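Enquirer: Now for the letters of each chain:
2 protein chains.
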Amino acid sequence: MPDDFERMWGDLAPVGRAVSSGGYFRQPFTTPERELAAWFVEQCEARRLRVETDAFGNVVGWWDGGAGPAVLTGSHLDSVLDGGAYDGPLGVVSALAAIDLMRSRGVVPARPVGVSVFVEEEGSRFGLACLGSRLATGATSWETARELRDREGVRLGDVVEGGTSALLADVGTFVELHVEQGRDLVDRGAAVGVASKIWPHGRYRFDFTGSANHAGTTRMEDRQDPMLTYAMTALAANKQARLAGQRATFGRIEVEPNGTNAVPSKVTAWLDARCSSDDALVGLVEVVSRQAAERAERDGTAVEVTAESVSGSVAFDPDLAARVAADHEGPDWPVIPTQAGHDAGILSAAGIPTAMLFVRNPTGVSHSPAEHAEVADCLVGVSALADTLERLTR
Amino acid sequence: MPDDFERMWGDLAPVGRAVSSGGYFRQPFTTPERELAAWFVEQCEARRLRVETDAFGNVVGWWDGGAGPAVLTGSHLDSVLDGGAYDGPLGVVSALAAIDLMRSRGVVPARPVGVSVFVEEEGSRFGLACLGSRLATGATSWETARELRDREGVRLGDVVEGGTSALLADVGTFVELHVEQGRDLVDRGAAVGVASKIWPHGRYRFDFTGSANHAGTTRMEDRQDPMLTYAMTALAANKQARLAGQRATFGRIEVEPNGTNAVPSKVTAWLDARCSSDDALVGLVEVVSRQAAERAERDGTAVEVTAESVSGSVAFDPDLAARVAADHEGPDWPVIPTQAGHDAGILSAAGIPTAMLFVRNPTGVSHSPAEHAEVADCLVGVSALADTLERLTR
Chain A
-9 MPDDFERMWG DLAPVGRAVS SGGYFRQPFT TPERELAAWF VEQCEARRLR
41 VETDAFGNVV GWWDGGAGPA VLTGSHLDSV LDGGAYDGPL GVVSALAAID
91 LMRSRGVVPA RPVGVSVFVE EEGSRFGLAC LGSRLATGAT SWETARELRD
141 REGVRLGDVV EGGTSALLAD VGTFVELHVE QGRDLVDRGA AVGVASKIWP
191 HGRYRFDFTG SANHAGTTRM EDRQDPMLTY AMTALAANKQ ARLAGQRATF
241 GRIEVEPNGT NAVPSKVTAW LDARCSSDDA LVGLVEVVSR QAAERAERDG
291 TAVEVTAESV SGSVAFDPDL AARVAADHEG PDWPVIPTQA GHDAGILSAA
341 GIPTAMLFVR NPTGVSHSPA EHAEVADCLV GVSALADTLE RLTR
Chain B
-9 MPDDFERMWG DLAPVGRAVS SGGYFRQPFT TPERELAAWF VEQCEARRLR
41 VETDAFGNVV GWWDGGAGPA VLTGSHLDSV LDGGAYDGPL GVVSALAAID
91 LMRSRGVVPA RPVGVSVFVE EEGSRFGLAC LGSRLATGAT SWETARELRD
141 REGVRLGDVV EGGTSALLAD VGTFVELHVE QGRDLVDRGA AVGVASKIWP
191 HGRYRFDFTG SANHAGTTRM EDRQDPMLTY AMTALAANKQ ARLAGQRATF
241 GRIEVEPNGT NAVPSKVTAW LDARCSSDDA LVGLVEVVSR QAAERAERDG
291 TAVEVTAESV SGSVAFDPDL AARVAADHEG PDWPVIPTQA GHDAGILSAA
341 GIPTAMLFVR NPTGVSHSPA EHAEVADCLV GVSALADTLE RLTR
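The listed protein sequences derive, respectively, from chains A and B.
Position one of the first sequence corresponds to residue -9 (this note's numbering), numbered consecutively onward.
Position one of the second sequence corresponds to residue -9 (this note's numbering), numbered consecutively onward.
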């Protein structure tokens, strides 16, 4: 017998949870994330969904029947470092629960319905967000991806087999349900909403190089200290984004040699930047890079900026969004943009008509142990997803 | 047969050397540093020096004979992370070479002479500089020290036995030879110099706490981002030290969760501060802490400052310094201050008359793979140390 939403949610709660913070460490191809993947296969089998995997670790559980093209729904099970419980798993659990709900209503879809789990959506291990969906759609080639390395130097090519994917061959529509990562639905008093677009987003590695030296004996004026160049750049990025109503974050840094009594030789830091338009993103990164270079000149250091990944603006299929938002009982669901990247954005960019459903998040906090959604809202989400799938598979 | 200076130097060159940077990783009680410690015992035995160890891992090789109080010389064999070859080992190798030189001259000291190696001088593993000499003098108690933990959480008490030390019981004078860590001797055109004093020095841990959140969806104005508070503090520390002619460095940082797409929940950074007087050090740390607190208020974050170690100003015995600087053939050696901490400072503060000899460093660079001294200058250093020991043991 398949479990209901709350039972499934309880299954996942302890997996990869850090006792100290209450946050989750479910990095791709590590034990907790593999445990979740195995759990997903069990849940598919318990529901007699046919399990199909690809060479990258992506999985779909198929409710076969009817004639294609198929309707796919799902999300991901990996987390950022010390992340929340909802980002990803809510979409997977809700998809399984929506199938249970459709079956309990006696729905017989006229098309195949699949529940998907894409690997490494967060990019927290190999650095490229939406890695699984990029590989499944061909947006990123395996030749490129297999050389990606994690922080310990492990190659992606040594972790998964790699090759090709046929998972999306017969997919006509994709629907991803996700916890909201802001407070738009709180402001609008709605339990669920529909995505209009995803802001363009890039990750840029800033390599600041200077000269290691003794922190005591080296006169301040004799230093080439890359930490100073970094510090000014982090403040500049924040200020520029604030002034322009965009987003810029330096949340990750690596320092060499990272010793208390040594001026660093190198500081590497990653800029996460997201803007309301592609042009605004280019402009923001340009101005931050220029300010970094100017400060490097003053500090006697050097800075090199490498775009590790850039995703253009994604506008979801407007007709589909309008239909999902309106074609059900009760008031329309609000249609809102998001600043977060999603596998749905990759599938949409690959030409698959795609929609996203959001579930209200009382604090708007995400990528944090404090991420939350009320059970009542989650159940509204399951019902909304079941309604949407039912209509799309008629 | 004991080796000469260059032969000994060649023995040490490959131990703990990183191929990529050419720097040294000789952290206390790790394989490379233990290899050096074993090498030192071999060298003592080859010279028929009686090896005495204490419960903390400090070692002295004794050239017994005559009546106490003894004259001790030596330095340390550990390095900072990715450090240079000279800081520490030069003093140990020069001490052994000086004994060879004294013996070749037929010197028979009227007092015992010891060659010492103190553990963890750099504080690069357990965070407390001059740990071995602090324990040997009782400046730090074992009850306190045994709870110190390295970055992996390993307790010092689980690495060394601990207890008491009798190594210094009969020591009347200490002389440490060290590579210079600035360019005073270059400016003065001298191969060797004598220390007048050590600047006061402190290490302060700054814990900046904020709120983890999604780097894309969280509006800039809704963030409590501790990275910003840190960045302003690093710039403020540099500016204050520059204006006051002192030293302040943030060279070590740890970020949680340190993910590209997450606003950090916590940034921990260490301030290394050194000043020409105790009052100036207190003043510098106060103003940096106040600026950090003011910025934290603006950022919605919090900052807590913890002094992990503070060493007051050390004035070496002025009569001994004058005697060492003048009582030899040729022109007097210059007497200069240093901003670097040394075991010599700890022994001096413990009431043991102490002197330091410096060997010229062409670039002044230290705590870096680029740290250097010419062999000719090193040999002048060996000769100066032998002369000094000979006069002190008459």
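By construction, these hints were calculated from the structure, which means they are not laboratory data.
Keep in mind that a hint or two might mislead.
Since the list can't tell identical chains apart, any single copy or any two copies may satisfy a pair.
Straight-line C-alpha distance at most 20 Å; calculated EDC-like pairs for lysine to aspartate or glutamate [claimed, not checked]: (1) Lys187 to Glu287; (2) Lys229 to Glu284; (3) Lys187 to Asp177; (4) Lys229 to Asp212.
For clarity, every value in this text was computed on a predicted model and none was experimentally measured.
Enquirer: Please go over all the hints and tell whether each is borne out by the structure.
Expert: Hints and how they fare:
Taking the shortest alpha-carbon separations for Lys187 and Glu287, neither the intra-copy value of 39 Å nor the inter-copy value of 35 Å comes in at or below 20 Å. Taking CA atoms no more than 20 Å apart as the test, Lys229 paired with Glu284 passes in both settings, with 16 Å inside one copy and 18 Å between copies. Taking identical chains as interchangeable, the C-alpha atoms of Lys187 and Asp177 lie at most 20 Å apart only when both belong to the same chain, with a minimum of 19 Å there against 64 Å between chains. Within a single copy, Lys229 and Asp212 get their C-alpha atoms only as close as 29 Å, which misses the 20 Å cut-off; across copies the closest is 14 Å, which meets it.
In summary, the structure is inconsistent with hint 1 from the numbered list given earlier, while agreeing with all the others.
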